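Trainee: These protein sequence lines map, in sequence, to chains A and B.
Residues in the first sequence are numbered consecutively from 1, following our numbering.
Residues in the second sequence are numbered consecutively from 1001, following our numbering.
Keep in mind the hints are simulated off the structure, nothing from the lab.
Any given hint might turn out to be false.
Using C-beta positions, here's what the derived DEER-type ranges look like [unchecked claim]:
no.: 1; chain 1: B; residue 1: Met1001; chain 2: A; residue 2: Lys235; range: 16 to 26 Å
no.: 2; chain 1: B; residue 1: Leu1022; chain 2: A; residue 2: Arg31; range: 21 to 31 Å
no.: 3; chain 1: B; residue 1: Glu1003; chain 2: A; residue 2: Ser38; range: 14 to 24 Å
no.: 4; chain 1: A; residue 1: Gly201; chain 2: B; residue 2: Leu1022; range: 34 to 44 Å
no.: 5; chain 1: B; residue 1: Thr1134; chain 2: A; residue 2: Lys46; range: 39 to 49 Å
no.: 6; chain 1: A; residue 1: Leu220; chain 2: B; residue 2: Lys1113; range: 21 to 31 Å
no.: 7; chain 1: B; residue 1: Thr1134; chain 2: A; residue 2: Tyr15; range: 21 to 31 Å
Predicted, not measured: the structure shown is a model, and the values here were computed from it.
The C-beta atom is built at its ideal place from N, Cα and C for all residues, glycine as well.
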Amino acid sequence: MNLEVFKSKIRQTVYKASFELRDDVLAFIKRAYKQEVSSSTKNYLKTIIDNAQIADKKELAICQDTGFPVVFLELGRNTKLDNSLIKVISSEIEKAYKDFSLRASITDPLKRDKSGFGPIEVHIEYSDNNFSKLSLLLKGFGSENKSKLYMLNPNEDITGYVLDAVKKAGPEACPPFIIGIGLGGTSDKALFLAKKALLEGIGSVSSDKEIAILEKKIFLEVNKLKIGPMGLGGKTTALAVKIKTAPTHIAGLSLGININCWALRSASFTF
Amino acid sequence: MKEISELTKSKISKLKAADEVLFSGRLYTARDQAHKKIADLIKSKKKLPLDLKNKIIYYCGPTLTPKGRVIGSCGPTTSLRMDSYTSYLIKAGVIGLVGKGRRTKQIRELLRKNSLVYFIAPAGCGAYLSEKVTTSKVIAFKELGPEAIYELEVKDFPLVVAIDSKGKSIYQDYDKDNK
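Okay, chain A solo, but in the shape it has when bound (with noise of 0.2 Å):
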């Protein structure tokens, strides 16, 4: 791909993250709505669905934090990686969050003085398909502060944890969830796993039938907590709940536990 046309795409994709809501996630929404009883989390939800239009046609972000930027690339065998590559998504990234007018939210870990729209993360894997795929995710810190990892025992069951992430997440991390679990690995592996998990269709089943036994199990005991949108009470404590696993070690399970609010932010282009 010519690095003019890459650049408008990563433009592009910054755009579409920000401003428009994921279709899948509005119809998630749209379906709680009419499935919620209680008027004030009906109202909320409904100010999600006018929030969504509103960002849209004004392009106005979606959300005020406008996230920490994630990318995940995955390469295959059309690209040759070099430095220039990364350099080139970092500075393209950084510049259209200031050209749409996002939040600087970038800061020293200590000083914490000014705020920046970088550096940006990025996660590269490689594939053997004959084209490669950016994936961003804006990922808000209210729900990525509820992040949790547990190195549990070979055959635990994983449902209890996920059910005390979710109550510790509790209404600051913006319900209803769309819950990423990443299993297996080691540590880091299984956080990484459970953030990209959110970048799959909400709506998907997983083709793994033991994956998508356990995610549909978490999935109804979540939605028993009734923490609800906001926490106001309700059956949408969760959209969804997606799995990613990878193999581990015969001595333990690592488990990664990334909630998202619902305002859940992500695009892709493949090139």
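Could you slot chain B onto chain A? The hints should help.
Mentor: Below, chain B alone, put in the same frame as chain A:
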């Protein structure tokens, strides 16, 4: 839905947890770094850059302001992170707090003792709330960018009373030992 403008102690006393209100009046944004600065100034007995008496603090850090608009996206941030600073702001005269999510028991007690109120605003709805802001200007800590203090005039800003002046809450207290 109740409509209220300019908050007073007598208006606060009539608000009950779970009431939905449309607020018109002034809000002052402050989040983590502004809270820290205010607390530090109070601790060292220095003058504050604004008079906090009878003010409502809105936990919010807006985006940049797009050309031709009053303000960018401007929804609430997590209130809990302000809990360790809140007593300083209340001593300085703040009468209302606006944010999202639970608070610790200490804050609920502080609100009850001082007959003050904590509201939540629709979380994640910064674009929607931006449309309710009629004027906006930075009045302190400009160097902090999104964490500066903005004075906002709002019209029909939707709020829910989360903790009322009697200490009644729509949420369970946040247990900070159970993080």
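Trainee: If a hint holds in the structure, say so; if it doesn't, say that too.
Mentor: Results of checking the hints against the structure:
For the pair B/Met1001 and A/Lys235, the supplied restraint of 16 to 26 Å holds, since their beta-carbon distance comes to about 23 Å. Checking the proposed 21 to 31 Å range against B/Leu1022 and A/Arg31 shows it holds: the Cβ atoms sit about 27 Å from each other. At roughly 21 Å, the beta-carbon separation of B/Glu1003 and A/Ser38 lies within the given 14 to 24 Å, and the hint holds. In this structure the hint that A/Gly201 and B/Leu1022 lie 34 to 44 Å apart at CB holds, the actual value being about 37 Å.
As the Cβ distance of B/Thr1134 to A/Lys46 is approximately 23 Å, the hint placing it in 39 to 49 Å is violated. The hinted range of 21 to 31 Å is not satisfied by A/Leu220 and B/Lys1113, whose Cβ atoms lie roughly 42 Å apart. Distance hint for B/Thr1134 and A/Tyr15: a CB-CB separation of about 27 Å, consistent with the stated range 21 to 31 Å.
In the structure shown, a violation is registered for the earlier hints numbered 5, 6, in ascending order.
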